Each structure stands twice: as C-alpha cells, then as structure tokens.
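Chains as they are written, first to last, in our numbering: chain F, 1 to 317; chain E, 1001 to 1435.
Mixed in with the good hints, there may be bad ones.
Stated by the list, open to error - Which chain E residues face chain F? A few, computed with CB under 10 angstroms, are given here: (1) P1201; (2) G1207; (3) P1212; (4) D1280; (5) K1323; (6) E1325.
What the hints assert, rightly or not - Pair ranges (Cβ atoms, derived): (7) Q225(F) x S1318(E): 33 to 43 angstroms; (8) V1102(E) x T55(F): 30 to 40 angstroms; (9) R1246(E) x K242(F): 34 to 44 angstroms; (10) A99(F) x A1292(E): 36 to 46 angstroms; (11) H207(F) x A1292(E): 25 to 35 angstroms; (12) R4(F) x T1415(E): 27 to 37 angstroms; (13) R1246(E) x H121(F): 34 to 44 angstroms; (14) R4(F) x E1320(E): 31 to 41 angstroms; (15) N247(F) x D1304(E): 54 to 64 angstroms.
In short, the hints are calculated from the structure, not lab data.
Bear in mind the structure is a predicted one, so any value in this text is a computation, not a measurement.
Think of the CB as a built atom: it goes at the ideal place given N, C-alpha and C, for glycine as much as any other residue.
Each chain, written out:
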Amino acid sequence: MIGRHRHLIGLEGLSREEILQVLDLAVSMKEVLSRPVKKVPSLRGKNVVNLFFETSTRTRSSFEIAAKVLSADSLNWTAAQSSTTKGETLLDTARNLEAMRPDVLVVRHSASGAPNFLARHVGCSVVSAGDGAHEHPSQGLLDCFTIRERFGSLEGRTVAIVGDISHSRVARSDLHSLPKLGAKVRLCGPPTMIPLGIERLGATVHHDLRTAVEGADAVVMLRIQHERIGDPLIPNTREYSKYWGLNAKKAAEWLKPEAVILHPGPINRGVELSSDVADGPRSVILDQVQNGVAVRMAILYLLAGGAGEDRAEKVSA
Amino acid sequence: MSDPKEVVVIQGGRVIDPSGGVDGVRSLLLRDGKVVAVAERVDVPAGARVVDAKGRWVTPGFVDLHVHLREPGQEYKESVATGTRAAVAGGFTSVCAMPNTVPANDNTSVTELMLARAAAAALARVYPVGAATKGRKGEELAEYGELKAAGCVALSDDGSPVMSSSMMRRALEYSRAFGLPLAVHEEDLHLVGKGVMNEGPTATRLGLKGAPAQAEDVMVLRDLSLLELTGGRLHICHVSTAGSVRAIREAKRRGLPVTAEVTPHHLVLTDEDVAASDYDPDFKMNPPLRSAEDVKALREGLADGTLDAIATDHAPHSPEEKKLEFDAALNGVLGLETAFPVCLELVRKGLLSEMRLVEALTIGAARCFGLPGGTLSVGAPADVVILDPAASWVVDPMRGFSKSRNTPWKGRTLTGRCTHAFVGGRLVHETGDPG
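Just chain F, same shape as in the assembly (with noise of 0.2 angstroms):
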C-alpha cells in the first residue's frame, strides 16, 4: 500500500506524505542498486507482469529490473495496441492476466484513463506505467527523486517545464506532485502546446523561455514528438528549437549557476535539447534514469509487499 492506496494511477489522489513515503523508501532502494550484489529477497514469490499497449524500452526495463534486484518474477506482454483493432478488449485481457494471478500489474496504454478501468476490473494492484496524455506517475515522483536529491528538498525551489505540455503525461504527473513538496512550477511552451486550464492545476504558464528558466532551480525538457508537427502545433523543429530548445548559450546566460537539467528521455537532440547541455555538467538525465529502478523499487515494494514502513527499514538494513 502506498498510503492509503493499491494502486498507482496518477499521482493527483496522493498526499504529500504519501509521495515521501515513496521517495523516501527510494532512498534505501538506490543504496541497494549501489551494493556488488543487487538482488534483495524481498518480493520472492511475487509476480509482476508489465502489460504494455505502447512501445516502451526505458520505462519496461527500468520496471522489470525493478521487480528483479526485488527478487519478484516479472513478466512482459505486450498487447495490440489498441481494442478498437481486432484484438482482444482491454478487459479480455485483463481478465485473462488476472487469472494467472499477478501481484502487480504495470501497464502502459495509449488512452487516458485506461489503468483506471484495468483497476476497477483486476484484483491486483495495479501502476500506471504511463496512460495518454493522463498521468506517468512513476516519472513524476523520480523527477521529484532527483531534483530532492540534487537540492535536498524541494521546499522553495521552482521547476520549470518545457515543451509540449498539452500531450504530455510526464508534465501532469509532474504538476500533481512537485508544489506538494513544496516547490512553484512554470510551464512554457508555444500557446499551441499549452492546454485549456492547466493553469488551474497550480502552475504560471509562460511562452518566452527565457522568462521561464530565469531562476530555477531545475529545467524539465519535454520531448517533442515528430507527428505533433504540421499538427499544426509548430511549424517545424527549427523553429521550434530556436524559441524553446534549450543550448548551452542560453543555458550559461539565463540560467542559475546551480540549475540542473532534467529530460524524461528520449531525448531528440537538437531540437528541445543540443548535445552540449544533455551532456553537460547541469545534465542529470542520466541520473533520473538510476533513480527510476529506484522509485519504482519502492513502488512495486510497497504495492506487493503490502508493507509499511517497519518493514522498509528491513530492506536497508
């Protein structure tokens, strides 16, 4: 359980406390991906399966490596994308997994609202690993993870993200989680790719980056994905990259000393972000990637292992 909760939909129902209950047991889960030894026992005998209606490498592996320094079995499928196509129903299949009793189900799906229905009709947990545009929980909290590592907290800190906000799972799940932790969220992006009302979601919309990134503490880089263009949300990615791809210049200009970098990857290069930033010494890209295995560690830890904190201090110990 994750506070009061079996599943991991979004991170808009979670509570302050119950986002530092994972972050928190993150913190013991990155100690242990650090070990020569990676594998701990503490979900031997649980089953977790990754059912995934989208194309997926990063988050799959980070999920299945996950379940394994976990010791727990995990499984992949990967499923036609969509019930509209003569595939079998989501429900089907849910139905169909449910009865090979999984602990966990991770899934990913091209439609909003897709683990919502996967939650009411399973008997298992079951986490978001992405749905749409809705929620990609599991990258909210490691960017949460990350720059809280970086700054030790996030109380006072602003983040500002970049890019297509409008169809972005990453950015919501982000707004749901950092201002509860205390930090101010600035979103920027061209008045195309900002949807109707975000604003009401506890963030300052901005279409200039500059006035955006001046004076935060941590810059999330959203991707911009090639069939958004001639949408016709931008003209093309050379314009796009000169208002609101971030290069070094612009970094070293308008940017705090200390601000840091964040991408949910796949980065395309050159067009939100050049190689010299990606690379460069405010890049914690890669990091957010190590504190992904962790996250979701303490994810499927706390949703299999029905455990509170007690047993936490068992893992690190």
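Assemble the complex: chain F is given as a structure, and chain E must be docked to it using the hints.
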C-alpha cells in the same frame, strides 16, 4: 394492453396542458382514440375504464424529436419494438426515429420498414426522420419528396454533420419544396479532431482530447447565416453550448425560422461528471457534456423558450461498444426512461416552471416538426400520460425496457415517474408499483 374501442375516464388528476393553457384538476374522457372531453366533472359512461389520477399529473403524451431506434441494421442495440416500449415507459407517446440506421433511412423502403415495425409493436407513434443526403455522406441530396410521401417528418444527417456549406445551402433550399424541417447536428469535424470530451480544464486534467464548444458554435452560426439566404426551416439538434443558445436567441429575435432542442443530460450534467465517473464511457456522448456555464445557459434558454423542446437523443449501445477505454467507446446514452425525472429536478430547483417543462416535452416539441399530438384539446389523438412527480425509484439498467444499458443514471435515485401511458386511447404502459 387494452381494447382500442375502450372508453377511458381519467379522474381527479392535475391536468397540465400547455397547448390550451390548462393547469388544474380536471377529468378526461377518451373515446375512439380521441380526447372527447376535458372538464372539472366528466360523467363515467357504462363500461368505461376509470383511472384515478389523484395527486398525479395528467399531460399530453411526450413527443421526442430525437431517438435512435437502431432498426434496421443494429437490432443488437435496440429495435423499434424495444425502443418504443422504453418510450412509453418514460411517457413518450411519439418518437422521431433518426436516420442513422444500417442502411441509412435515405429511401422509402427503410422508412416503410420502420413504420411497419412500429405498427406491429403498437406502442409509441413513430415518425421517421429521413436522411438529408444519400447515405448521410454529405454529397448528394436524398429524395425529400419521396421520403415525405412515405412518412418522414424531417430531414437530418444526424451524427454526420454536413461539412460542405454549399451542400447545406442546397439541402435547405430543396427542403422548402416539401416544407420539411432540416434537423442539424452541429459540429465542425476539423475543430473536433480526435476530441472525446469537452475541451477545458477537466479534459486537460484527465488527459483526454478535448473538442471545443466553438466546434458547435461555428456551425450554428454558419447554418443560421445560410438560413437567411435560403429560407426553409432549420432545427438545431441537441444544443449544448452557451454560444449556440446566444446565436439561436438572436436569430429568433430577428424572426428566422429556427427551432432547437436540448437533452436532459446536457441540462444537468457537466464535464466534471466525466471526471467524477472515473472515465466511465456512460458519460461519453456527442455533443459532449459541457461546462457549468454552458449548462446554466441551456437552462435559461429552455426557460425563456429559445430552446423549444427537450429531446432525449436516446442512443443505445451494447456493452461491447461501451465497456472499453474512454477513447475507444462509442458516443451516446439512453434517455427515454429517465428524461422526465431528470428534467423535473430543474422544477424542484426553481429553474423551470412545471408548465414550461411539460410544454418542452409536448406541444413545444410537436410544433418543431409540425407533428400531431402534444395536446389534450378536444378532438386531438388520445395520447395521454399520467405522471407521479413524487415517486422515487432507483435506476437499474438491467430492469429497463431498452435492449441496452448505457445510462449515466445507473444506481441513482430519481424522483418522478410515468405511471400510465395511453396512445390513441389505448393503455400501452402501466407501472405496477411506482414507489
């Protein structure tokens, strides 16, 4: 349920008949399928069936301008028989059957089949709506003259908006030759894109693709503008936005021949209910549930007569089409059996008078398409319903008369129920225990 030759006396009920401005305790005498007398006292002829309506309302049978009976072609969702059974259970004694059947009702053989099925079912009266264009494709005019001769009362490509302004102009012009109203589903498909709910803060939060209210507004404005060029009669289906209400109010003020309908669900639910339902596709319909400001404008529009009629847009779908991800589920919800109690809520809240509610369900609707019925005037067809405004009941989709179960009201307690429905003087529905 009863002999068509039977004489019926409905005694002691509160008769609300907006067509004659009647609101008071009256008794009704029905004979030979017609209303014979409405008076404070009616002598009971020997052998007459006497129904005591004390404490209840007696109104003209409701008229629904917008129902999907799904026959021919999609009988797994609904049939003329089950749809009209649901209709009379909800107090609707006349329903207009939309043409998005398979094949589309763009020719007389489909119209005739619908009418034959309706005659066999012998429940609610069915008035087919013919397609505005062949195959509802928006490319060629359908045969309006023949459709009218076969029994169609209006024309519509419902669900498939005519995107070509030129096609819409010709449809409006040609409809004048036969005096049929053109009923339009207003939606700019380019603006809608892949939207599955109302665009706004709730869609943003849910991560669902939004369709802006303006997708409806621009088409309403376009068609009102074309109407000035062409003449004819325009009927706007299921109005859902404040912008549409403003445009229609202004057009009526200028005397344009336009009428409009609104659904019960758009009058009481908002896009926030999609969030509250946790992505339940039984809250997915087209047009989508809108914002609270839109709902307020619709209620005002209904109260002041800008919106002439309440129509259900009864849209049955099977579980295979609804028990899916929100994106993948089909649009549409049931409406016939819940419309009256859902709308009665507006009366209880003081937002609508009882007279205006009944008007929008009866004569207000009938006038839009020039239908008989919707009135208790002497000599009119004896289409009468008895309503218990105080009866509370829990909506159990498994116990409904529709073949389908897709209702957003499942599990809710509604107050108000039709206890008796007469069509042409025949009792076609009676609720055993309205409590």
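Between R4(F) and E1320(E), does the C-beta distance stay in 31 to 41 angstroms?
Between R4(F) and E1320(E), where Cβ atoms are some 34 angstroms apart, the hint holds.
Is the interface hint satisfied for P1212(E)? The criterion is a beta-carbon contact with chain F at less than 10 angstroms.
For P1212(E), the interface hint holds, since the closest Cβ of chain F sits about 8 angstroms away, which is under 10 angstroms.
Given the hint of 27 to 37 angstroms, is the C-beta distance from R4(F) to T1415(E) inside that range or not?
34 angstroms Cβ-Cβ, so the 27 to 37 angstroms window holds.
Mind checking the CB of D1280(E) against every CB in chain F and telling me if the closest is under 10 angstroms?
holds (9 angstroms)
Cut-off 10 angstroms, beta-carbon criterion: hint that E1325(E) touches chain F
At about 4 angstroms, which falls below the 10 angstroms cut-off, the nearest Cβ of chain F leaves the hint on E1325(E) intact, so it holds.
Kindly confirm whether 25 to 35 angstroms is satisfied by the beta carbon distance between H207(F) and A1292(E).
holds (28 angstroms)
Outcome for the supplied range 34 to 44 angstroms, where the beta carbon pair is R1246(E) and K242(F)
holds (41 angstroms)
Satisfaction of the hinted span 30 to 40 angstroms by the C-beta atoms belonging to V1102(E) and T55(F):
For T55(F) against V1102(E), whose Cβ atoms are near 36 angstroms apart, the range 30 to 40 angstroms holds.
Taking the least C-beta to C-beta distance, is G1207(E) closer than 10 angstroms to chain F?
With Cβ-Cβ at 3 angstroms, under 10 angstroms, it holds.
Tell me if the beta carbons of N247(F) and D1304(E) are separated by a distance inside 54 to 64 angstroms.
Check passed, 59 angstroms falls within 54 to 64 angstroms.
Does the closest beta carbon of chain F sit nearer than 10 angstroms to the beta carbon of P1201(E)?
Result: holds, 3 angstroms to nearest chain F Cβ.
If you check the beta carbons of R1246(E) and H121(F), does the distance land in 34 to 44 angstroms?
Holds, at about 43 angstroms.
When held up to the earlier numbered hints, the structure conflicts with none and fits them all.
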